Amino acid sequence: MGKKVALIGTAAMATAMRQINPDVVSAFPITPQTAIVQDFASYVHNGMVDTEFITVESEHSAMSACVGAASAGARVMTATSSAGLALMWEILSIASGLRLPVVMTNVNRALSAPINIHCDHSDSMGARDAGWIQFYSENSQEGYDNLIKSIRIAEDENVRLPAMVMIDGFITGHSTEILEILEDSQVKGFLKENKAPYSVLDIENPSTFGPLQLTDYYFETKKQEADAMVASMDTIKAVCKEYRELSGREQPLVDTYMIDDAEMAIMVLSSTAGTTRSVVRELRKDGIKAGLIKPRLFRPFPKEEIIESTKNLKALAVLDRSDSFSGQGGPLYSEVRSALYDLDTKPVITNYVYGLGGRDTTIDQIKKAFNDLSSVAKTGKAENLVNYLGVRE
Amino acid sequence: MADKTKQEKPGYKTIPMGGMIPRAGSSEDYKTGDWRVKKPVRDDEKCIDCLFCYIFCPERAVSVTEDGKIGKINLDYCKGCGICAEECPKDAIKMELE
Amino acid sequence: MEDLIEIRWHGRGGQGAVTASKLLATAAVEEGYYIQAFPEYGAERMGAPVQSFNRVSKDKIELHSQVKEPNYVLVLDPTLLESIDITEGIKDGGIIIINTHEPLEEIKKKINIGDRDIKIYTVDANKISVDEIKRTMPNTPMIGALVKVSDFLNIDSLLKAIRKFLSKKFPEKVIKGNLNAIKRAYEEVGN
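Chains as they are written, first to last, in the numbering used here: chain A, 1 to 393; chain B, 1001 to 1098; chain C, 2001 to 2191.
Worth flagging that the hints you see were computed from the coordinates, not collected in a lab.
Keep in mind that this is a model prediction, so the values were computed, not measured.
Accuracy of the hints is not assured; some may be wrong.
[Unchecked claim] Within a straight-line C-alpha distance of at most 25 Å, the following computed PhoX-like cross-link-like pairs (lysine-lysine) qualify:
#1 C:K2091 - A:K367
#2 B:K1038 - A:K222
#3 A:K3 - C:K2164
#4 B:K1090 - B:K1038
#5 C:K2108 - C:K2119
#6 A:K3 - C:K2160
#7 C:K2148 - C:K2108
Pulled out of the complex, with its shape left as it was, chain A reads as follows (with noise of 0.2 Å):
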């Protein structure tokens, strides 16, 4: 078994990435990731890994890198930050539409503007479309497992597609919290030979990467790429049973606590999870039947597993640390509701958008939203679908 040690968040994740030794690395630094680039600088210098680090001068450039490596077939890693995400947006398409696996660290901070180094989930968010699959981590133990997982998902010969993880900037990025590490050798053993199909660089096997697809072939490419995604699930599945047989973690892609006989939930991504799971315990010591429902897993989306969390609430509160600026809630919320529209019984569903910018989310915030659902769960109706959680009128 692994054993346990202090770390922050980054390091945790750089850990890792130590652990996975990757081909390549091509990074960025962006507030607040940049520690997990400098400590992975460091293994590189002091030659505990064997990995090609490419410097660049944006993040644009590092996933552009990361891309030109995956095509050679490369094992391929990154990290980035917010309005460093969003930089990569043009490539985060193209490692996707290319099938190329590779997998990063995204630190959650938020969106400027205003300018903010603090949490959200608006920029991951708003990558939820570019074909990566997403997993979102509550505590440092968990965004260290799932960079472990994703890379044997990634690379998976039924999935091949980028994937990204997701901690919370300082909350867990800058925390330092008790977490288990697999042995090094663990971790070796657990991954696999990364067998790319093609790789740019076989001059035995010419190949052409990115040719253009207009009206005739790109549709056809991109249902490919639709139906991979899909796929994913069953080695999402296979890959995390095998990781908890060697980590002895069990971490179901759609967690919960206290669900079965709730008759009310908050469902939340992150860091917040654990601060809802203390707020559930108290709750329950004065016979308040309410539940927590966390997934870990955002893409592919976990409709089943969040359709069998959610069956015998009377009331749920959806938690989106993101706004789409619809009018209609956050991401979260609106994939939620979409999941359970066609059941026959379900429950009223609301959202909360709370914590932008890194506004601290409180155990009273949480013990409002649950004073709402109670309500809620009560008459059946619920007064506003979309509410903002901890912001000042």
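Given chain A, work out where chains B and C should sit, using these hints.
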């Protein structure tokens, strides 16, 4: 001329992953001759085999014979751009309507 | 989580408040606690008031909100008493430790706790660090003072953890200086 017979294209279940073309030289399948409005016609009396047309042709549609003389212009790929006629020092190439 | 201990550190940029919270966390890990150590980030510059936080518990810590109601408040720089309310949110029965050369009675005048059940301790961590580490570095002695006035950590495991942490970066002379400073603050802290 390009092949005008319609071929059934493969669907998403069978095409290579990520829009790959996993073999070399596939551009030969892409015949650009039907873009042409005017075709180059060479006057072999005037031609001095300087090979300028071979060098300048952006499609490599002009061939060279084994003994280093100018060969045929491959009309499957000649787009009719007229660069050969423009560059010919002996005015030996004329662009004529198809 | 009834046994959850929450700690707030006040300092100025460059005084080592962030490192202090990390060091404390490392020591608590050695004793089998679950921990969190996290700074409050904003504009980072030398001399600006900064805060850093710890959570320590026998149970797994799931809270990811900020520390609002600390059990312990440690002040690395007494000049902060003039500009910010270091007592904000402190729990009843809480403890404040201040790095100062001033007598306790003088310091108490600067802290408004009324008749609340809050204990105030002082230690001259600046002098201790200058004597032992040869520079003003009050953060490690303050951990020694905290260990003395609290009951969740033991001084020997603190010293062991600090040695392990510092040995990654510093020569033996600096490590010894820090360990001596911690021991002295542990002895000299008072109320």
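A quick look at each hint next to the structure:
1. About 21 Å separates the Cα atoms of K2091 (chain C) and K367 (chain A), which keeps this hinted pair within 25 Å; it holds.
2. A distance of roughly 38 Å separates the Cα atoms of K1038 (chain B) and K222 (chain A); the hinted pair therefore is violated under the 25 Å criterion.
3. At most 25 Å may separate the alpha-carbon atoms for a hinted pair to count; K3 (chain A) and K2164 (chain C) meet this at roughly 16 Å.
4. As the CA atoms of K1090 (chain B) and K1038 (chain B) are separated by approximately 20 Å, the hinted pair is consistent with the 25 Å bound.
5. A distance of roughly 10 Å separates the Cα atoms of K2108 (chain C) and K2119 (chain C); the hinted pair therefore holds under the 25 Å criterion.
6. Straight-line distance between C-alpha atoms of K3 (chain A) and K2160 (chain C) comes to about 19 Å, which keeps the hinted pair within the 25 Å bound.
7. Only pairs whose Cα atoms come within 25 Å are accepted, and K2148 (chain C) paired with K2108 (chain C) is accepted, the gap being roughly 20 Å.
In summary, the one numbered hint that this structure violates is 2.
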